[in-house]
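Enquirer: From first to last, the protein sequence lines stand for chains F and G. Residue numbering for the first sequence is 1 to 305, as defined by the working numbering. Residue numbering for the second sequence is 1 to 345, as defined by the working numbering.
Please keep in mind that the hints were generated in silico from the structure rather than gathered at the bench. Glycine included, C-beta positions come from ideal geometry on N, C-alpha and C. Just to be clear, a hint being listed does not mean it is correct.
Simulated restraints on C-beta separations [to be verified]: (1) F/R158 with G/V325: 46 to 52 angstroms; (2) G/M194 with F/P160: 16 to 22 angstroms; (3) F/A222 with G/G140: 38 to 44 angstroms; (4) F/R158 with G/Q163: 43 to 49 angstroms; (5) G/V325 with F/S105: 45 to 51 angstroms.
Facing chain G, a subset of chain F residues (Cβ under 8 angstroms, in silico) [stated by the list, open to error]: (6) A137; (7) G151; (8) S152; (9) E153; (10) R156; (11) D165; (12) V168; (13) V226; (14) G230; (15) I231; (16) R234; (17) K267; (18) I282; (19) T286; (20) L288.
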Amino acid sequence: MTAEEDQTSEEDSQPGSQSSAPSALLPSGASVGEVPGPAGEAPKLPGAHECIIEVQSLGKSYGSIIALRDVSTTVKAGEVTCILGDNGAGKSTLIKILAGVHESSEGVFKVDGIVRRMGGPRDALALGIATVYQDLAVVPLMPIWRNFFLGSEPTRGRGPSRRLDSAVMKRITRSELLKMGIDLRDVDQPIGTLSGGERQSVAIARAVYFGARVLILDEPTAALGVKQAGIVLRYIAQARDRGLGVVFITHNPHHAYPVGDRFLVLKRGRSLGESEKKDITIEQLTTLMAGGDELDALAQELRRA
Amino acid sequence: MPAAAATADERLATTSWPARMMRRPEVGAAVAAFIIFVFFSTTTDAFLTVGGASTWLESSAQFGIMAVAVALLMIGGEFDLSAGAMVGTTGLIVGVLATRLAVNIWVAVLVALVAAALIGMLNGWLVVRTRLPSFIVTLGTFFVLQGINLAGTKLVTGQVSVQGFSSVAGFYNARWVFGSSTQFGGFTLQISVMWWLLFTAVATWVLLRTRPGNWIFAIGGDENSARQVGVPVTRTKIGLFMTTALAAWLVGMLQLFKTSTVQASTGVGQEFIYIICAVVGGCLLTGGYGSAIGAALGALIYGMTLQGIVFAQWDNNWLKAFLGVMLLGAVLVNNWIRQHAEVRK
Ligand SMILES: Nc1ncnc2c1ncn2[C@@H]1O[C@H](COP(=O)(O)OP(=O)(O)O)[C@@H](O)[C@H]1O
Ligand SMILES: [Mg+2]
């Protein structure tokens, strides 16, 4: 086995061309050939508001635990689908199915209108579905530019002289982050020295650069303060404006409402319904999330106290 | 945006050249090596002579090759306690094949190489497969190898060493590669020193300039993250264990052809010295941070002290005490560096 097979032979890609999401920039191993089904075509960037992911009646059980039951939603290009719900509602389970980590026990999972069965995260990546997990998949002690390209490093030279193209790596890292509005003093510093919001943004910028069409973010704002959360929300909006479909998981309606186009509320593994933004107000969303009656009861109780 | 560019430049200037230097893991080892060099140069007569320098360089070289390999492994987040015993195993394989079974010396050397590669692969495979700490897995391999080295040698030779290499055909040819030396005036440059420098240079290149090097830092720093972004974790880890095994083979050959004899106990007990050299050279015990040059400097410190104590005619056992102090000091310094590199929110 050699390092050859993981190679992306990507020389000096032009910063600024990423909005067209060239498939050559997909991470290593994301070869389309691995995707089961009638695939084989490179992921294309759909027009705005075109449906990329469509799931119908998804269900997932872990042994006897039913974590998800009869959930349907869509993810469209240039739109943000928010998945809301309390702890244990099944949000992570749902996005793990979308990301190819788990297979659904029931239901239909379509990408670009074609029914897919994901064999793993790499299959999802090959279809342009990238996930930024809560732990961000960064290595704290490594410099930002090495983290940015980790697993898909561009190289130059042949044979024994083949080496990381560090000049290009640093330049692209810098310009990609600048595009997201992050102006870093030094891409050589360990990524662990960045703030939580900045690290989140680097992870998002990385997914966008490597040709994601759909960006799945698992509670990106959960651990952040108000200001940092605001920064991340701005990047979500930016990714959306660049034509990506975004799946934004949160338990905070105040984070979801300003950027979301569509809201799916989960409770105990079931869908409480999906609404377009025009059909719902933030108050209704909050009430729905808290389980309506329960919140009214709580309001009553608090008022009396 | 001229304003943004100006601020960026201004902030860049704060990471000055000395600050960048201080970020390197091997800085501490370089300073310590310099101090020890000056100390023995001034307190003993023999240390700074050409003969003296030949001695401590050679002594550093064999530890250095192993320390560099072990450093790569430690940066990748693993340990290999079988590395020392494996030095003995490779030498004994050559010894038994060449002197008892009349196998061609080059073939014997090659067989030992393949054996080392397989043992390394087995170590790596066991660690990856069982997900057990490599500390335990390679402790097992260590005992197995130690047992085979001793019992096997006794079984074949009736002694605890293999001798009689001078009558082996082609021995002196192979010696040119593994056991020769060159004279410059009074200075004897052992070929092991050249191997050490070469190995350190290649390891540094791989670590800092290639994709596998990037992966080594990543799997040692955060294995899960590395896996999520598509780093071939299994392959990289097995490769690291094989590299350590190949270094053990190289050192086994260097020792065999230098001394024309192999003891069954060769290498046993040295595995910790390799680890100490790597740690003194800036490797974190927790993985993800370190340097090959640092490990080479750690070995240089060890080699200089080993010989310096002899030149100073002190009791040899002071070396152990010194080693302990160096290790504790290095761990404290490394920890401090790590905290400053990682925590800042
Ligand atoms: N791997 C698993 N094995 C068994 N149960 C699980 C597993 N993952 C999640 N669950 C259960 O499924 C339910 C939904 O969990 P999850 O999707 O993580 O919720 P959320 O992300 O909304 O907090 C919970 O009851 C959780 O305990
Ligand atoms: Mg969750």
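Enquirer: Hints first: check each against the structure and report whether it holds.
Expert: Tested hints:
no.: 1; hint: F/R158 with G/V325: 46 to 52 angstroms; verdict: holds, 47 angstroms
no.: 2; hint: G/M194 with F/P160: 16 to 22 angstroms; verdict: holds, 19 angstroms
no.: 3; hint: F/A222 with G/G140: 38 to 44 angstroms; verdict: holds, 42 angstroms
no.: 4; hint: F/R158 with G/Q163: 43 to 49 angstroms; verdict: holds, 47 angstroms
no.: 5; hint: G/V325 with F/S105: 45 to 51 angstroms; verdict: violated, 60 angstroms
no.: 6; hint: A137; verdict: holds, 4 angstroms
no.: 7; hint: G151; verdict: holds, 4 angstroms
no.: 8; hint: S152; verdict: holds, 7 angstroms
no.: 9; hint: E153; verdict: holds, 5 angstroms
no.: 10; hint: R156; verdict: violated, 10 angstroms
no.: 11; hint: D165; verdict: violated, 10 angstroms
no.: 12; hint: V168; verdict: violated, 14 angstroms
no.: 13; hint: V226; verdict: violated, 15 angstroms
no.: 14; hint: G230; verdict: violated, 17 angstroms
no.: 15; hint: I231; verdict: violated, 14 angstroms
no.: 16; hint: R234; verdict: violated, 16 angstroms
no.: 17; hint: K267; verdict: violated, 29 angstroms
no.: 18; hint: I282; verdict: violated, 30 angstroms
no.: 19; hint: T286; verdict: violated, 30 angstroms
no.: 20; hint: L288; verdict: violated, 33 angstroms
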